[in-house]
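Asker: Respectively, the protein sequence lines represent chains A and B.
Position one of the first sequence corresponds to residue 1 (the numbering used here), numbered consecutively onward.
Position one of the second sequence corresponds to residue 1 (the numbering used here), numbered consecutively onward.
Hints may be right or wrong, so weigh each one.
When the alpha-carbon atoms are kept at most 20 Å apart in a straight line, the in silico DMTMM-like pairs for lysine to aspartate or glutamate are as follows [what the hints assert, rightly or not]: (1) Lys-389(A) <-> Glu-400(A); (2) Lys-354(A) <-> Glu-316(B); (3) Lys-160(B) <-> Glu-192(B); (4) Lys-389(A) <-> Asp-415(A); (5) Lys-216(B) <-> Glu-393(A); (6) Lys-343(A) <-> Glu-316(B).
No lab work stands behind these hints, which were simulated from the structure alone.
Read off the chains here:
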Amino acid sequence: MLTATNTKHASPLATFRIFFGLMMFASIIRFWANGWIEKLYLEPSFQFKYYGFEWVSVPAPSLTYGLFTLCALSALCISLGFKYRWSMAIFFLSFTYIELMDKTTYLNHYYFISVLSLMMIFLPMNRYFSWDARNMAYKYVPAYSINALKILIAIVYIYAGLAKLNSDWMLKAMPLSIWLPSKYSIPFLGDFLHQKWAHYFFSWAGAIYDLFIVFFLLYKPTRVWAYLTVIIFHMLTGVLFPIGMFPYVMIVSTLIFFDAPMHQRILTLMAKLSGLGVHQLKSNETWRPSPQVKYFLSIYLIIQILLPLRFLAYPGKLFWTEQGYRFSWRVMLMEKAGYAEFKVVDAATGKSFKVDNSDFLTAFQEKQMATQPDFIVEYAHFLGQHFTKQGHENIEIYVESYVALNGEKSKPFIDPNVNLLEINDSFAHRNWVLPFND
Amino acid sequence: MMLNRLLSLIFLITLFTGCEQSFIPETKDNFDRELMLENWVDLHIKPGYAQYLSALNELAIKNVDFKTAPSTSTLDALRNTYLQAYESWQMVALFEIGEAEKLGMRGYTNTYPTNIEKVKSNIEQQNINLALPSTRVAQGFPALDYMLFDKIKADELVEKLSANDCSAYLDLLISRLQKLATQVNDSWNVEERSSFVQNPESVDRMVNDFLFYYEKYLRAGKVGIPAGVFSGDPLPMNVEAPYSSKYSKNLLLTALNAAQAFFNADNSLADYLEFMDKGEIAIAINNHWEQAKRLLKDIDPSLKDQINENNLQLLEVYDELQKAVVLLKVDMLQALSIQVDYVDADGD
Numbered sequence: 001m002l003t004a005t006n007t008k009h010a011s012p013l014a015t016f017r018i019f020f021g022l023m024m025f026a027s028i029i030r031f032w033a034n035g036w037i038e039k040l041y042l043e044p045s046f047q048f049k050y051y052g053f054e055w056v057s058v059p060a061p062s063l064t065y066g067l068f069t070l071c072a073l074s075a076l077c078i079s080l081g082f083k084y085r086w087s088m089a090i091f092f093l094s095f096t097y098i099e100l101m102d103k104t105t106y107l108n109h110y111y112f113i114s115v116l117s118l119m120m121i122f123l124p125m126n127r128y129f130s131w132d133a134r135n136m137a138y139k140y141v142p143a144y145s146i147n148a149l150k151i152l153i154a155i156v157y158i159y160a161g162l163a164k165l166n167s168d169w170m171l172k173a174m175p176l177s178i179w180l181p182s183k184y185s186i187p188f189l190g191d192f193l194h195q196k197w198a199h200y201f202f203s204w205a206g207a208i209y210d211l212f213i214v215f216f217l218l219y220k221p222t223r224v225w226a227y228l229t230v231i232i233f234h235m236l237t238g239v240l241f242p243i244g245m246f247p248y249v250m251i252v253s254t255l256i257f258f259d260a261p262m263h264q265r266i267l268t269l270m271a272k273l274s275g276l277g278v279h280q281l282k283s284n285e286t287w288r289p290s291p292q293v294k295y296f297l298s299i300y301l302i303i304q305i306l307l308p309l310r311f312l313a314y315p316g317k318l319f320w321t322e323q324g325y326r327f328s329w330r331v332m333l334m335e336k337a338g339y340a341e342f343k344v345v346d347a348a349t350g351k352s353f354k355v356d357n358s359d360f361l362t363a364f365q366e367k368q369m370a371t372q373p374d375f376i377v378e379y380a381h382f383l384g385q386h387f388t389k390q391g392h393e394n395i396e397i398y399v400e401s402y403v404a405l406n407g408e409k410s411k412p413f414i415d416p417n418v419n420l421l422e423i424n425d426s427f428a429h430r431n432w433v434l435p436f437n438d
Numbered sequence: 001m002m003l004n005r006l007l008s009l010i011f012l013i014t015l016f017t018g019c020e021q022s023f024i025p026e027t028k029d030n031f032d033r034e035l036m037l038e039n040w041v042d043l044h045i046k047p048g049y050a051q052y053l054s055a056l057n058e059l060a061i062k063n064v065d066f067k068t069a070p071s072t073s074t075l076d077a078l079r080n081t082y083l084q085a086y087e088s089w090q091m092v093a094l095f096e097i098g099e100a101e102k103l104g105m106r107g108y109t110n111t112y113p114t115n116i117e118k119v120k121s122n123i124e125q126q127n128i129n130l131a132l133p134s135t136r137v138a139q140g141f142p143a144l145d146y147m148l149f150d151k152i153k154a155d156e157l158v159e160k161l162s163a164n165d166c167s168a169y170l171d172l173l174i175s176r177l178q179k180l181a182t183q184v185n186d187s188w189n190v191e192e193r194s195s196f197v198q199n200p201e202s203v204d205r206m207v208n209d210f211l212f213y214y215e216k217y218l219r220a221g222k223v224g225i226p227a228g229v230f231s232g233d234p235l236p237m238n239v240e241a242p243y244s245s246k247y248s249k250n251l252l253l254t255a256l257n258a259a260q261a262f263f264n265a266d267n268s269l270a271d272y273l274e275f276m277d278k279g280e281i282a283i284a285i286n287n288h289w290e291q292a293k294r295l296l297k298d299i300d301p302s303l304k305d306q307i308n309e310n311n312l313q314l315l316e317v318y319d320e321l322q323k324a325v326v327l328l329k330v331d332m333l334q335a336l337s338i339q340v341d342y343v344d345a346d347g348d
C-alpha cells in the first residue's frame, strides 16, 4: 500500500487532524478536571519507571501543570493546523513524557496516542483546510499518507483480536464473566449481564469484531454498516468499562476509512459553520513530500507489526509473567489481582521486619505493583535504598506475593526465597517468577 | 442518502431493543445486593451503634456515681462499664463509613498507644478542645485505659481520679465518646439508610472499608505491630489497652468475631461468594479465622504479657490473620469484581 505512487484527495487527513486535535484537547482537560494530575503524578512520592527511561521524572508541580498546558495547547494548534509540524512534535513529546513519568498509569490507549502522534508528525495533515494552508492549499496527497493511518488502526484492531484467541477468553469467557456481573446497575443491560450466555456472547463478539472490522471498513459495500458497528461497539464498551475518551477517539479515527466525498462534506459544513468560507477548499495542487518519508513510514509500521510478537521469545504463560505484554494491544484481556508483602532482612543478625506499602505507594500504585514482576523488583530496589539510607545495614529484601488470574485461586507469584536486591530486571527470562502451572 | 440509511438503522435499533426489553422475562437471579446492604444496616450497623451508645451512657452514669461517692467499689463499677463500652466499640469499629468516616471516628475513639505526657498536660490545662486532630493521641478508650488503670495503690487512685482536674478530664473524655457515637447513631436515619442501600457503589465502598479495617486495625494494629512484625523488635506497650492489660486478648477476640459475623451474616459476603460459585474462598477464609481463634485459646489474656513471655505464639496468630488477608483482598475481590481502590482512573 505504501509503495503506490498514486495520489488521493487530502480531505480525510484534514478531518482526521481536526478531530484528533479536539479529542486530545478534551482528553487533557478531562484529565485535569478529574484531578488526576494531582492524584496520579503529584501526590505519589515514588514513581515506577520504564526500562531505559529512568531519567524521566515528575517535574515541580507548576512545571507539571505547565507540561499539561503545553500538551493541551499543542493539541488545539494541531486541530487548527497552526504550525502543524511543530505543534505535532510538541504534542508527541509532551504527551509521551507525561506517560513516561510513571508506568503505573500505562494504558494501551495512551500508547496508541504516542505511536500515532509520532507518525503524524511526518504526514501532510496540514496541507488542506488548515491555518498553514490558508494561502497555499494542496488538494491531493500521496495515497500512502492516508494508508499509513489505516494500517496503524488495522494493527491495533487485529492484534487486539488475535490476543483474544486464547482459551480463557474464548472457552471460559474470562475475564468478562468476572467483570460483567458487577455492572448490574446499568439500566436495561444490567439485568442480563449476570447470565452465562451474555459473557460468551460479548467475548466472542468482541473477538470477531476486533479481528474483522477493518476488512469490513475497507470494503466499500459494507463500510457504512461496519462504521455503525464501530459506533455501537465502542459506545457499549464505554458504558460497560471505565475507559474514558477512548471510545470517541476510535469512533472518530475510523472515519479515515471513508472516501473523500464524505470528508469533503464534513469540511464544507465546518467551513460554513466557522465562517471561513468554502474558498479554503479550492485548490488543484498535489503535495509532494520528500521521498524519505515513505521509507520512514514503512520501517515504522514494520516495527509496529513486529513489536507485539516479542512475547514469542519468552517461555512461560504470558499473562502470568507479562514479558512482552505491554505495547501489544492486549486490551481488557485479563483480570489480575495481587498482594505483595515485603520483608526487610538484616543478613548479619537474621532480624527482619515487614513493610507497610501504604507508607510509600498510593493504593493504585500498590495494586499495579502487586501483579507485575518488573514493578515488584523496582519497588524492592527502592525499599533497599530507603532503608539503607535510614541506617540499616546488610539488607536483603524478600517478597511474599500472591496473584489470582482470571478467577483462578490465588497462587504464590514471586519466588519468596530470592533476595530481590540481587535481581536486575532486564529483557532476559525472569526465572524468579514462579511458574503458573495451569 | 447516507443520512437516510443511518436514520432507518437507528429506527431499527430502537425497535429491536424495545422489543427485546419486553421479551426478557423478569427473572431475578442476580445476587440481591440491595438485600445485602439492608442487612448490613439493619442487623449490624444500626443495632451495633445503638448498643455502643447505650454502653457509653452506662459508662457516663457510673462515672457520675464514682464522682459523687468515690471509692474502690464505684471505681470497679466504672472500670467494668469501661470494658463493656470498649467491647461494644469493637462491634462497630469496622463500620467507618458515612458519618463515622466524615468524623474520623476511629481515630478519635481508639488511637493507641496513647500519649501519656499529652494526657497529663491536658488534665492540667483543662478545657481542651478534643475535636483537634492533634489531640487524638490523648483521648478515647486508650486515654481512659491509662487513667482508670494507673499503676498506683487503689485508694490513691480513687483519690487522684476524684480530684477536680482528673474528674473533669474523665467527664470530657466520656462526653466526647458519647458525642461521636450519638452523631453517628443519629446519622443512620431513614434517608441515610435508603440512600446507602440504593447507591450501587455502596457494596464496593463497604467492602473496601471492611478490608482496610481488617488489614490495618485488626491484623496489624491489634497483633502485628505490637508483635514487632513491622519493626523487627516487639513493641509490647503498643497493644490495645496495655494498662488494664488483661483485657487485650478479649478485645481482639471480640473484634475478630465481629468481622467474622459481618462476613458470614445472612446474605452477606460469604453467601455472595457462594452465589458466584466461589464458596470455597469463604470456607478457606473462615478456616484461617477459626484456626486463629484456636491458637488464641493458649494465649495469655494480656497480649502484653504474652509478647514478653512468648512472642512466637502470637506471631502464629498473626500468620493466620495474614493468610485471610490474601484470600480477602485477592481472591474474594476478584470473584466479586470489587475494585480495590478509589482511584477512578481509566482502564483499558
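Asker: Taking the hints in turn, state whether each one holds.
Answerer: Evaluation of the provided hints:
1. Taken as a hint, the Lys-389(A) and Glu-400(A) pair is broken in the structure, with Cα atoms around 23 Å apart against an allowance of 20 Å.
2. Taking the CA atoms of Lys-354(A) and Glu-316(B), the gap is near 15 Å; set against the 20 Å cutoff, the hint holds.
3. Proposed proximity of Lys-160(B) and Glu-192(B) is contradicted: the alpha carbons are some 44 Å apart, above 20 Å.
4. As the CA atoms of Lys-389(A) and Asp-415(A) are separated by approximately 26 Å, the hinted pair breaks the 20 Å bound.
5. For the hint pairing Lys-216(B) with Glu-393(A), the CA-to-CA distance comes to about 28 Å; that exceeds 20 Å, so the pair is violated.
6. A C-alpha spacing of about 17 Å is found between Lys-343(A) and Glu-316(B), which places the hinted pair at or below 20 Å, so the restraint holds.
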